[in-house]
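Take a look at the letters that make up each chain.
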Amino acid sequence: MTRWIKILEPLSIISLLGCAIWIFYGTPTESEMGFVQKIMYLHVPSVIVAYAAFFVVFAFSIAYLWKRDIMFDQIAKSSAEIGEVFCALVLITGAIWGKPTWGTYWVWDARLTTTLLLFLIFAGYFLLRSFTRERERAARLAAVLGIIGFLDIPIIHKSVEWWRTLHQPTTLFKVEAAEAKPAMPMELLLPLLVTMGAMLLFYVYLLLLRIQMEQQYDTLQELIANNEGG
Amino acid sequence: MIDLVRQISILTWKDILLDIRRKENFLSMFLFSLLTLIIFHFSIGDNPKTFRLIVPGLIWVVFLLAGILGLSKSFIQEMENGCIKALLLTPMDRGNLFLGKMLGTTLFLSLVQFITVPMFILFSGISLAHEWWMLILVMLTGTLGFTSLGTLLAGMTATLRGREVLLPILLFPLITPNLISTVKITSYIFFGGEWNEVLSWWKLLLAFDVILGVVSYLSFEFVVEE
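In order, the protein sequences belong to chains A and B.
Whatever position you read off the first sequence (first residue = 1), add 1 for this note's numbering.
Whatever position you read off the second sequence (first residue = 1), add 41 for this note's numbering.
Everything labelled a hint here was simulated from the structure, so no lab data went into it.
Errors might be hidden in some of the hints.
To be verified - Interface residues of chain B toward chain A, partial, derived using beta-carbon atoms under 10 Å:
hint, residue
1, 165
2, 168
3, 169
4, 170
5, 171
6, 190
7, 194
8, 203
9, 213
10, 214
11, 215
12, 216
13, 220
14, 257
15, 261
16, 263
C-beta: ideal position from N, C-alpha, C; glycine also.
Go ahead and model the full structure; you've got the sequences and the hints to work with.
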C-alpha cells in the first residue's frame, strides 16, 4: 500500500495541477454564463467523487457485516470521511455557482436537497461513531447506517424531485439545464472528463492514505489496551 | 409460521400491556402533542386561513417529535430493567423481535394519532374534502414507515451516550420521503387536489415502507448483537 501511495501522490497532484492550468488557460469561456462557469470543473467532478465514495462505504459496509474483517470497516470509514468532504465541496461550489447564474445561493431543487440530506446522513454517521466507545460495535452500527443511508438516497431523490416539480412551475429555475446539458460542446466536455479522472485518482490517493492512518491508529489503540491490561 | 405469529403477538402484547399499566406514557405523549399544537398556534396562527394551510404539515411534524419520544421510551424501558437481555436470550429469531417491537410501537403511536389528529382538525376548523377512512389509512401507513426505520435506529442508539440527540439526528434525514408523502396525501384529504398526484405519493410512501421495512428487518440482528 505504501508503494501505491508513493506513486499516486505525485501523479494525482500533478494531474490536478495540470487540469487547473488547462481549465483556466486552455478552455474557452462559456458564452452564456461567462467566467463563473469554470467552477463546473470543480463542482461536477466533486459530485462524482462524493457519490463514488459513498458507494464504496455502502459496498464495504456490506462486506464488513458479512466477513467481520476490521479492514473493511477501516475502508468504509475512510471513504465516508472523504465523501463527506467532497459533498461539502459540492454544496459550497454549487452555492457560489448558483448566485450569479440563478440569482440565489440556494434553491430547494431536487439535486441540491438530496445532496444536503446525503451530507446530513453521513454527518450523523460520524456522530454515531464518536458516540460509540467500543471499536467493534462502532464498526457494526456504522455499517448498518451506511447501508441504509445509501439505499435511502434514491427514494429521497424521487420524493424531493416530485415535491418540487408537482407543485412548483419548473420554468422558474432552469436548474436542470445548467448542470447536465446533453449537448455540451466537446471543448468543454473533454476537460470535464479529464478533471473527473484526475479527481478520482486524487480520491484513491486520499483513500489509501486515510486507510493507512486508520490502521496505524487501530494498531496503536490495541497496543495501549494490551499495555494497560498486562 | 404459527410460531412466528405467536412470538410476535406475545412481544407486541407485552408492550401494549406495559403501556396500559403505565398510563403516563400515553398521557405524556398526548399532552406533548396537544401542547406543541398550541405553541405552534401562538407562534404562527395569527391568521386562521394561513394556519389551516399548514395543518397537514403540522400534524406530521408533531407526530415526528412525539414519535421520537415514543421510540426512545420503548427501548430505554427495556434497557433499564434488563428486559432486553432476557429477550435476546430467548431462542427467537431477531427479526421477530424487531417485528414485535415495531408493531407495539406502531399500535401505541397510532392510538396517539387517532386522538390528536381529530383534535387538530377540530381546533383549526377544517372540513375534510375527502373520506375520513383515507386519513386513517395514511396515518397507519405513515406510522408504519416511521416505526420500522425508527425501531432499528432506536435499537441502535439505545445503549449509547447521547442517545436523546442521536436518534432524531439519524432519523430525520432518512425519514424525509415518508414525511413528504404523508404530508402531501393528508393535504389532499383536507383540501382536495389531483388524484394522479396523490397516487404517485401513495406509491412512494408504500415503496418507502416496503424497502426501509425490509432493510430494517434484515439488519436488526446486527444492531442488537452483543
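How the hints compare with the structure:
The criterion of a C-beta within 10 Å of any C-beta in chain A is not met by residue 165 of chain B, whose closest approach is roughly 21 Å, and the hint is violated. At about 23 Å, the closest approach between the beta carbon of residue 168 of chain B and any beta carbon in chain A exceeds 10 Å, and the interface hint on this residue is violated. With 10 Å as the threshold, the beta carbon of residue 169 of chain B stays out of range of chain A, its nearest partner Cβ sitting at about 21 Å, so the hint is violated. The interface hint given for residue 170 of chain B is broken, as the beta carbon of that residue sits about 17 Å from the closest beta carbon of chain A, more than 10 Å.
Nearest Cβ of chain A to the Cβ of residue 171 of chain B: about 18 Å, over the 10 Å cut. The hint is violated. Using the Cβ-Cβ criterion of 10 Å, the hint placing residue 190 of chain B at the interface with chain A is satisfied: the shortest such distance is roughly 8 Å. Look at residue 194 of chain B: its Cβ gets to within about 8 Å of chain A, closer than 10 Å, so that hint holds up. Taking 10 Å as the C-beta contact cut-off toward chain A, the hint placing residue 203 of chain B at the interface holds, the least distance being around 5 Å.
For residue 213 of chain B, the interface hint holds, the least distance from its beta-carbon to any beta-carbon of chain A being 8 Å, beneath 10 Å. Interface hint at residue 214 of chain B: satisfied, since its Cβ lies 4 Å from the closest Cβ of chain A, which is below the 10 Å cut-off. Interface hint status for residue 215 of chain B: upheld, as the beta-carbon distance to the closest one in chain A is roughly 5 Å, under 10 Å. Interface hint at residue 216 of chain B: satisfied, since its Cβ lies 9 Å from the closest Cβ of chain A, which is below the 10 Å cut-off.
Proximity of residue 220 of chain B to chain A holds as hinted, the smallest CB-CB distance being about 9 Å (cut-off 10 Å). Given the 10 Å rule on beta carbons, the hint for residue 257 of chain B holds: about 7 Å separates it from the nearest Cβ of chain A. Of the supplied interface hints, the one on residue 261 of chain B holds, with its beta-carbon coming within about 9 Å of a beta-carbon of chain A, less than 10 Å. Look at residue 263 of chain B: its Cβ gets to within about 5 Å of chain A, closer than 10 Å, so that hint holds up.
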